[in-house]
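Input sequences plus hints: build the corresponding full structure.
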Amino acid sequence: MKDTIFTMRCTPYKFGVGATEEIGSDVASLGLKRVLIVTDPGVAATGLTNRVMDRIRASGIETDLYANVNIEPTDTSVKAAIDYATSFNGDGYVAIGGGSVMDTAKIMNLYVTYPAPFLAYVNAPIGEARPVPGPLKPMVCLPTTAGTSSENTAIAVVDMTELRVKTGISHHYLRATLGILERIVRVGMPPGLRP
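Quick note: the sequence shown, position 181, residue 181 per this note's numbering, numbers continuous.
Calculated directly from the structure, the hints in this document are not laboratory data. Careful: at least some of the hints might be erroneous.
Claimed, not checked - Below 25 Å or equal to it, Euclidean Cα-Cα: the simulated SDA-like pairs (lysine to any residue) are: (1) K166 <-> S77; (2) K79 <-> T148; (3) K14 <-> K137.
Stated by the list, open to error - Between beta-carbon pairs, the in silico distance windows are: (4) L163 <-> G60: 39 to 49 Å; (5) T46 <-> K2: 49 to 59 Å; (6) G60 <-> G18: 14 to 24 Å; (7) Y114 <-> K33: 18 to 28 Å; (8) R57 <-> Y173: 24 to 34 Å; (9) D3 <-> P41: 39 to 49 Å; (10) I71 <-> K33: 22 to 32 Å; (11) P115 <-> K33: 18 to 28 Å; (12) V165 <-> G18: 36 to 46 Å; (13) K166 <-> R9: 20 to 30 Å; (14) E62 <-> K2: 47 to 57 Å; (15) G60 <-> T7: 35 to 45 Å; (16) D91 <-> N50: 17 to 27 Å.
Just so you know, even glycine gets a beta-carbon here, dropped at the ideal spot from N, CA and C.
As structure tokens, then:
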């Protein structure tokens, strides 16, 4: 190999105890006025989602909640999420959860920002593998599990139910605008999910 130059992109991160408490000012600093909070029923039941929504609303930002993310997103569940996000018509997203939540939020963001038939952006040979036309709306991620780092990856994975295959959408614009990492967020999680 003679290549010695490469480019590395990374989601900016905020670390530390109390980082979640600052999410309202973080979202406001992105210029957002209407934010869709995306999570799954299990995370929503912990109370973390309500805490985050309260902090964001305290900064004068309107929020709505989509708490129906499937663990292991399917094309059907993701299409329902896209429909919900389209009707809300927000200007940004906050994803609270593991890789399934963040991947669903990435796909919602893509298809609401650049509407297209579902297979348009899906990787070939399953889909058309169209390139993402441009930047997406800001997305802040609060991971509740350790290891996936989905907020920092350029891919979103989805199960195609009828084809019985797992595929994805890949583009560097899918990465989150900001990741907030706070160990206290994971304290109530089962030991196998905590770092």
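Problem set entry | Hint numbers contradicted by this structure | none
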